[in-house]
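S.K.: Take the sequences, apply the hints, and build the full model.
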Amino acid sequence: MKNSFIVLAGLVIVGVLLSNMFLYQVRYDQVAVRTTFDKADESSIQDAPGLKWRWPWPVNKVTLYPRRLQLLEDKIEELQTADGKSVIVRTYLTWRIVDPLKFYVTLKDPSEAGRQLSSRLREVRGLISTRRFDELVNVDRSKLKLAEIETEATRMLDAALEQSGYGIQVESVGIHKIILPESTTEKVFETMIASRERLAENALQEGQAQASAIKSEAASARDRILAFAERRAQAIKAQGDREASVQYQSFAKNEDFAIFLRKVDALKKMLDHNTTFVLSADSLGILDWFNKAPGQQSPGQARPAPAPGR
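For the sequence shown, my numbering assigns the number 6 to the initial residue and increments by one for each residue that follows.
No wet-lab data here; the hints were simulated from the structure.
Hints are supplied without guarantee of correctness; some may be wrong.
Said to hold, decoys possible - Okay, the calculated beta carbon distance ranges per label pair: (1) 95 to 33: 30 to 36 Å; (2) 146 to 223: 36 to 42 Å; (3) 213 to 235: 29 to 35 Å; (4) 275 to 239: 32 to 38 Å; (5) 83 to 146: 20 to 26 Å; (6) 177 to 223: 57 to 63 Å; (7) 268 to 238: 29 to 35 Å; (8) 226 to 88: 48 to 54 Å; (9) 212 to 243: 43 to 49 Å; (10) 60 to 183: 52 to 58 Å; (11) 104 to 62: 22 to 28 Å; (12) 274 to 239: 27 to 33 Å; (13) 87 to 42: 53 to 59 Å; (14) 149 to 121: 27 to 33 Å.
This structure is a prediction, so every number in the text was calculated from the model and none was measured.
The beta carbon of each residue, even a glycine, is placed where N, CA and C say it ideally should be.
M.R.: Below is the structure:
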């Protein structure tokens, strides 16, 4: 029984070793290059996932490459912008293997691909030096040109790699981080303060202009209203004068009666608030104004002198 177990274990071990020698596995996110005596052709590419057959080395050799997107981050480097300011930039790129056969023939190892891409990324990063500082760092997002720089860098790098025949493709180039040196930071703060002061001055001038416009509009409206009121008052006064002239013509026919009516109106106004008059006996003659008949001469009024010769 014990010998049978040993034999079974030995068979299992031998089976594992043989399967490792004659079989290999390709995962769904991998592609394999199976060379024959270290030579590769189109038939060497095995991109279907699963277990594959091979002859042991040195007949066949299998190299597995990832299909997934790979990330490469470059070192931090200080650059000069087009307007003479310093920035510390860290860039990155994403890439993938699109032609495993070309990749195997030219580079073979992903680490070698990383070195080639880093070298070319430093060359493309010179695009940053052609831009002004305010196109890299700005509180106004509409003035930033980072997206344009990344798009142009991706296009240039992808074109260069296509000519090299490495079998890889750059998906994107990006700016991971921008750091300002201390000297540049002080200048940036000074520029920002000056910019804010200009904005405040512009806002103040704009407010003053709007206030002047409002005042001018209000003064114009006031003048129009006063002119209208003046014209209206003149029209009312003219209408009153016309109506008064009619009354004056009526009063001119009997002046004494008109005076009598005015005195009655005056007494009504004076006696409207429970006013008490204390008059002497001599002053009672004022009542004769109210007792005389219309057209009768008032007491004390001088009679006309007789004609001469009578």
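S.K.: Next step is simple, just say for each hint if it's right about the structure.
M.R.: Hints, verified against the model:
1. About 33 Å separates the C-beta atoms of residue 95 and residue 33, a value consistent with the hinted range of 30 to 36 Å.
2. For the pair residue 146 and residue 223, the beta carbons lie near 40 Å from each other, so the given range of 36 to 42 Å is met.
3. Checking the proposed 29 to 35 Å range against residue 213 and residue 235 shows it holds: the Cβ atoms sit about 32 Å from each other.
4. For the pair residue 275 and residue 239, the beta carbons lie near 33 Å from each other, so the given range of 32 to 38 Å is met.
5. Our hint of 20 to 26 Å for residue 83 and residue 146 holds, since their Cβ atoms are close to 25 Å apart.
6. The hinted window of 57 to 63 Å between residue 177 and residue 223 holds, with their beta carbons roughly 59 Å apart.
7. For residue 268 paired with residue 238, a C-beta distance near 30 Å keeps the hint of 29 to 35 Å intact.
8. Roughly 51 Å separates the CB atoms of residue 226 and residue 88, a value that falls within the hinted 48 to 54 Å.
9. A beta carbon spacing of about 46 Å between residue 212 and residue 243 agrees with the range 43 to 49 Å that was offered as a hint.
10. Range check, residue 60 to residue 183: Cβ separation about 54 Å, and the 52 to 58 Å hint holds.
11. Taken as a hint, the range 22 to 28 Å holds for the pair residue 104 and residue 62, whose Cβ atoms sit roughly 25 Å apart.
12. Between residue 274 and residue 239 the C-beta distance comes to about 29 Å, which sits within the given range of 27 to 33 Å.
13. Hint check: residue 87 to residue 42, Cβ distance near 55 Å, so the stated range 53 to 59 Å holds.
14. At about 30 Å, the beta-carbon gap between residue 149 and residue 121 stays in the expected band of 27 to 33 Å.
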